[in-house]
Amino acid sequence: MTSDEILRVEHLKKYFPVEKGFLERLLTSSRRFVKAVDDVSFSINKGEVFSLVGESGCGKSTTGRLVVRLIEPTSGQVFFDRQNITKIRKGAFREYRRKLQIIFQDPYASLNPRMKVGQAVGHPLQIHHLEKGDEERKKVLEILQRVGLTPPEQFINLYPHQLSGGQRQRIAMARSIILNPEFIVADEPVSMIDVSLRTTIIDLMLELRKEFDLTYLFITHDLAIAKYISHRIAIMYLGKIVEMGDKNEIFSNPMHPYTQALMSSIPVPNPERKRKAIELRGEVSSAIDIPKGCRFNPRCPYADKKCKAAEPELIPVKPNHLVSCYQTKA
Amino acid sequence: MIEQTNAESHLLTVNGLTVEYWTRRGKIRAVENASFTLDRRETLGVVGESGSGKSTLGLSLIKLVPNPGRIITGDISLEGQNIRRMKDEEMRDVRGRRISYVFQDPMTSLNPVEKIKDHFVELIQTHEPKVSKTQALERANQLFRDVGIQEERINDYPHQLSGGMRQRVMIALALALNPSVVIADEPTTALDVIVQAKILDLLNSLKNRYGMALILITHDLSIVLQRSDKIIVMYAGRIVEYASSVNLYSSTQHPYSQGLLKSIPNIELADQKLEAIEGSPPDLLNPPKGCRFWPRCSFAMPECRTEEPPLFETKKNHLVRCYLYKDETNDQ
Amino acid sequence: MMGGSSTKKNMFSRLVPLLTSLARRGLAGWFIAIGLIMVIAIVVMTMLAPWISPHDPSAIEMGPPLSPPSSQFPFGTNKLGQDMLSRVISGGGIMIQVALLSVVICMAGGVPIGLLSSYTGGILDRILCLIMDSIYAFPGLVLAIAIALMLGRGVVNMALSIAVVYVPSYFRVIRSQVLSIKEMAYVEAANAIGAKGHTIVSRYILPNVIPSIIVVATVNFADAILTAAGLTFIGLGVSVDIPDWGYDLTVGRTLLTTRVWWVIAFPGIMVVLLALGFTLMGEGLSELWNPRLEQ
Numbered sequence: 220m221t222s223d224e225i226l227r228v229e230h231l232k233k234y235f236p237v238e239k240g241f242l243e244r245l246l247t248s249s250r251r252f253v254k255a256v257d258d259v260s261f262s263i264n265k266g267e268v269f270s271l272v273g274e275s276g277c278g279k280s281t282t283g284r285l286v287v288r289l290i291e292p293t294s295g296q297v298f299f300d301r302q303n304i305t306k307i308r309k310g311a312f313r314e315y316r317r318k319l320q321i322i323f324q325d326p327y328a329s330l331n332p333r334m335k336v337g338q339a340v341g342h343p344l345q346i347h348h349l350e351k352g353d354e355e356r357k358k359v360l361e362i363l364q365r366v367g368l369t370p371p372e373q374f375i376n377l378y379p380h381q382l383s384g385g386q387r388q389r390i391a392m393a394r395s396i397i398l399n400p401e402f403i404v405a406d407e408p409v410s411m412i413d414v415s416l417r418t419t420i421i422d423l424m425l426e427l428r429k430e431f432d433l434t435y436l437f438i439t440h441d442l443a444i445a446k447y448i449s450h451r452i453a454i455m456y457l458g459k460i461v462e463m464g465d466k467n468e469i470f471s472n473p474m475h476p477y478t479q480a481l482m483s484s485i486p487v488p489n490p491e492r493k494r495k496a497i498e499l500r501g502e503v504s505s506a507i508d509i510p511k512g513c514r515f516n517p518r519c520p521y522a523d524k525k526c527k528a529a530e531p532e533l534i535p536v537k538p539n540h541l542v543s544c545y546q547t548k549a
Numbered sequence: 024m025i026e027q028t029n030a031e032s033h034l035l036t037v038n039g040l041t042v043e044y045w046t047r048r049g050k051i052r053a054v055e056n057a058s059f060t061l062d063r064r065e066t067l068g069v070v071g072e073s074g075s076g077k078s079t080l081g082l083s084l085i086k087l088v089p090n091p092g093r094i095i096t097g098d099i100s101l102e103g104q105n106i107r108r109m110k111d112e113e114m115r116d117v118r119g120r121r122i123s124y125v126f127q128d129p130m131t132s133l134n135p136v137e138k139i140k141d142h143f144v145e146l147i148q149t150h151e152p153k154v155s156k157t158q159a160l161e162r163a164n165q166l167f168r169d170v171g172i173q174e175e176r177i178n179d180y181p182h183q184l185s186g187g188m189r190q191r192v193m194i195a196l197a198l199a200l201n202p203s204v205v206i207a208d209e210p211t212t213a214l215d216v217i218v219q220a221k222i223l224d225l226l227n228s229l230k231n232r233y234g235m236a237l238i239l240i241t242h243d244l245s246i247v248l249q250r251s252d253k254i255i256v257m258y259a260g261r262i263v264e265y266a267s268s269v270n271l272y273s274s275t276q277h278p279y280s281q282g283l284l285k286s287i288p289n290i291e292l293a294d295q296k297l298e299a300i301e302g303s304p305p306d307l308l309n310p311p312k313g314c315r316f317w318p319r320c321s322f323a324m325p326e327c328r329t330e331e332p333p334l335f336e337t338k339k340n341h342l343v344r345c346y347l348y349k350d351e352t353n354d355q
Numbered sequence: 255m256m257g258g259s260s261t262k263k264n265m266f267s268r269l270v271p272l273l274t275s276l277a278r279r280g281l282a283g284w285f286i287a288i289g290l291i292m293v294i295a296i297v298v299m300t301m302l303a304p305w306i307s308p309h310d311p312s313a314i315e316m317g318p319p320l321s322p323p324s325s326q327f328p329f330g331t332n333k334l335g336q337d338m339l340s341r342v343i344s345g346g347g348i349m350i351q352v353a354l355l356s357v358v359i360c361m362a363g364g365v366p367i368g369l370l371s372s373y374t375g376g377i378l379d380r381i382l383c384l385i386m387d388s389i390y391a392f393p394g395l396v397l398a399i400a401i402a403l404m405l406g407r408g409v410v411n412m413a414l415s416i417a418v419v420y421v422p423s424y425f426r427v428i429r430s431q432v433l434s435i436k437e438m439a440y441v442e443a444a445n446a447i448g449a450k451g452h453t454i455v456s457r458y459i460l461p462n463v464i465p466s467i468i469v470v471a472t473v474n475f476a477d478a479i480l481t482a483a484g485l486t487f488i489g490l491g492v493s494v495d496i497p498d499w500g501y502d503l504t505v506g507r508t509l510l511t512t513r514v515w516w517v518i519a520f521p522g523i524m525v526v527l528l529a530l531g532f533t534l535m536g537e538g539l540s541e542l543w544n545p546r547l548e549q
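So the sequence lines, in the order shown, correspond to chains A, B and C. Numbered according to our numbering, the first sequence spans residues 220 to 549. Numbered according to our numbering, the second sequence spans residues 24 to 355. Numbered according to our numbering, the third sequence spans residues 255 to 549.
In short, the hints are calculated from the structure, not lab data. Where hints are given, some of them may not hold.
Unchecked claim - DSS-like, lysine-lysine: derived pairs with alpha carbons at most 30 Å apart:
#, chain 1, residue 1, chain 2, residue 2
1, B, K296, A, K495
2, A, K493, B, K338
3, A, K357, C, K450
4, B, K110, A, K466
5, B, K138, B, K86
6, A, K358, A, K318
7, A, K527, A, K495
8, A, K493, B, K230
9, A, K239, A, K511
10, A, K232, C, K333
11, B, K110, B, K50
12, C, K333, A, K318
13, A, K232, A, K493
14, B, K110, B, K230
15, B, K138, A, K239
16, A, K493, B, K285
17, A, K265, A, K429
18, A, K537, A, K265
19, C, K436, A, K335
20, A, K351, C, K436
21, B, K138, A, K466
22, B, K50, A, K335
Claimed, not checked - Non-contacting residues of chain A with respect to chain B, defined by C-beta distances greater than 10 Å in every case (computed):
#, residue
23, F261
24, G266
25, L289
26, Q296
27, E372
28, H380
29, R492
30, R494
31, Q546
Positions of the beta carbon are idealized from the N, C-alpha and C atoms, including for glycine.
Construct all of the structure, not just a fragment, from the sequences and the given hints.
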């Protein structure tokens, strides 16, 4: 672990048991699982924006929740600031909640409809016995100002339903940063916000990063946004990371067939660029019945016998570029 | 200033369409004075954000605007025939058969207790009672081949199909009766990028093969730029720019369109600097006086705040609703 | 207790703006407004009884016994020659007290149990669900009778027996709400900022469950009144010294066979009106807070 590392995830797995019908339970003894996260490892350096990219169902949101321990892993470890936070008891972990925060995707669901803005943003301070009363109010106003809700006094007595999606997301951010965290997981923070407003939220996040010295795990399905905002990215497919590394390197030189297909499918705002998307057969398999061998092989245009037999490892083909594929030229 | 259109010369002509929602809290002008034309084998992209009125526009074309919405004025002509004035009976015949609609969410648009094949049979036989069940199924199978689903899946229930397949079933249903116009409302939002590209390619090839016209309603400017022939940009219920996709890209005129273009990340550009549009979309119950966009516009002039600009034609078939261009009208 | 006219004026001055704002909310608002007026009118009437009833309701032989409604006795007289109008005006006290008490007991018991059970889940939840479902499956009146028989007479006992019957209703409603709220992102967010379980329940879940609780409470009131009448009907009510609708209903029932309809009719109408008032409020509130299809 280098001194720069702030987060390290090792062989993280999360399997959700599948509910069985009555008859099935009688007749079969095997258990089936949704393997949402199936052996994921990565590390993030202080001050970095690390994007976890993938389509819905690939396990990226689950990974984000595992990192902040909103759900417990089936196996694997998470290290934060060199401490193994997976082993800590729930009660003791509360300390870490000050440093590890999360912003959710849906601004309409992540705020308590019965809490005024001022109460919602100030609540973290109360929970951790920091400021109270006037001091709390001052801090809240300061933070609301910082996230661009001006004049802040106007907002503290409003309820979420009186605000727009963009404003709600800012409040969610204010709530996260009021504790002065070190690390924030942002789970699709702009996908439910109007296109013309996304840039303001993303730029705000980048400013806050500089000002508060934050590190982000940015989860998104939008490769274009990932390209704009990150330093390093990792592409996930069906619970595993298939390609990972420096952003520029990966975008200029995508090696995994899935990454290549993804990049070719993304629409470009230019009518003259008639891109030909790489065709992939079939659709994403279910996470319950993961294909044998490389889990991408049923759809892969290059799959051969080796791919169907065993899962490839995520190995570095360059110092800042890892791929898990037998077909890439190392 | 809008080009005088001869209703018979285009497949679909919409003139001065205005739609309001009469809610308890007041009247909302969801669409105001919308006019455009559409021809065979053309794709029209309707792009806008939430509250822009694009979905309402689409629904009003088949007169399915939900309560409490009403079409206030305007003409809708399909193949020369005025469909706005049609009675319910006649409109039911138009829906599905001459204009069909692909809804946004395939999960809730299919009947969960009916097999896919029953969806087809019901649809076909309702509009063409003389068609037998076997003939209907044959047509369904052909459509399945067109949209790229294995024939056996026709015996499945909706929940047994994936999201992408359900969307393809919706498209197949939309094509079953050989309509002249297909309206696709956010056909790809619930799908992943790879399937998205496939579906859009599919719509395009089917459009060309069967000689239909396609209307793509979406919030994704990239999609309409790449895949439509012409584009309508909507903001707060108004058409603010109407041009071919090539022209819209090379000379983006309306400040909103410009702002939109500058705020989307382009994966092919290195080191892009994105710019945001200040402010947020207006409350339609209390819209700003004058041009709906002026509070967010960096070019706002005094006249913008008092009276709404009309559409100015700056080049042949490039219209923009902005006083910045009032002296540039292309006199034909 | 009721003071002079100044307190009355005070209450009315706050009431009128409330009613007008309700009337503006459409049909649901009207329901609440009308229900509220009915309930308040009856409660106020009962409280002002000593001042407004024309005769002493307990005084016997005010007029000829069992005389039908007339100009002197608009609601007629009963077997003891008591003025029915006065009895109707004064007779709501017991019933209202019982209903109020039972609702309070029920909420005090049912709400915490419901919250705890559904939030904690696990075996506790399973067991409580089983118990609550069993109670719920029983016809309410029968169960209330059984419990009242065990506990004996008296306002508190009556309230208790009604309360027990109604706790499962609160439990179920709260449980279904809590289960869906638990999944919401704002509860996850509360966890993420480090809130402890009891904080989450009290500040994030309970406030969002309160509208449902209030709606159940109004229906609870209505039902409590009818059940109290029922219990009194079969003799499990309170003693006969004070004027009481329930008592008059019982007595009036036997008199019906002799064509004496007014002893049961007027108290009966009052009971129905009071229950109706609460039901209207409940319906209105429910419609207001969970409107059907409005987008």
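10 Å Cβ clearance of A:F261 from chain B: At about 22 Å from chain B, A:F261 clears the 10 Å cut-off, so the statement holds.
Restraint check for A:K493 with B:K285, where alpha carbons must lie at most 30 Å apart: holds, 20 Å
Distance restraint between C:K436 and A:K335, which requires alpha-carbon spacing of 30 Å or less: It holds: about 20 Å lies between the C-alpha atoms, which stays within 30 Å.
Satisfaction of hint between B:K230 and A:K493, Cα-Cα up to 30 Å: holds, 17 Å
30 Å limit on alpha-carbon distance, applied to hinted pair A:K357 and C:K450: holds, 25 Å
Nearest-CB test (10 Å) between chain B and A:R494: violated, 8 Å
Straight-line alpha-carbon gap A:K239 to A:K511, limit 30 Å: holds, 23 Å
30 Å Cα cutoff - pair B:K138, B:K86: Given that 30 Å is the threshold and the Cα spacing comes to 28 Å, the pair holds.
Separation of A:H380 from chain B, once the least beta-carbon distance is taken, above 10 Å: With a cut-off of 10 Å, A:H380 remains clear of chain B, as the shortest Cβ separation is near 14 Å.
Straight-line alpha-carbon gap B:K138 to A:K239, limit 30 Å: Within the cut-off at roughly 24 Å; holds.
Hinted pair B:K138 and A:K466, Cα distance within 30 Å: violated, 46 Å
Straight-line alpha-carbon gap B:K110 to B:K50, limit 30 Å: holds, 25 Å
The structure does not agree with the numbered hints 4, 10, 12, 13, 21, 29, 30 stated previously, though it agrees with the rest.
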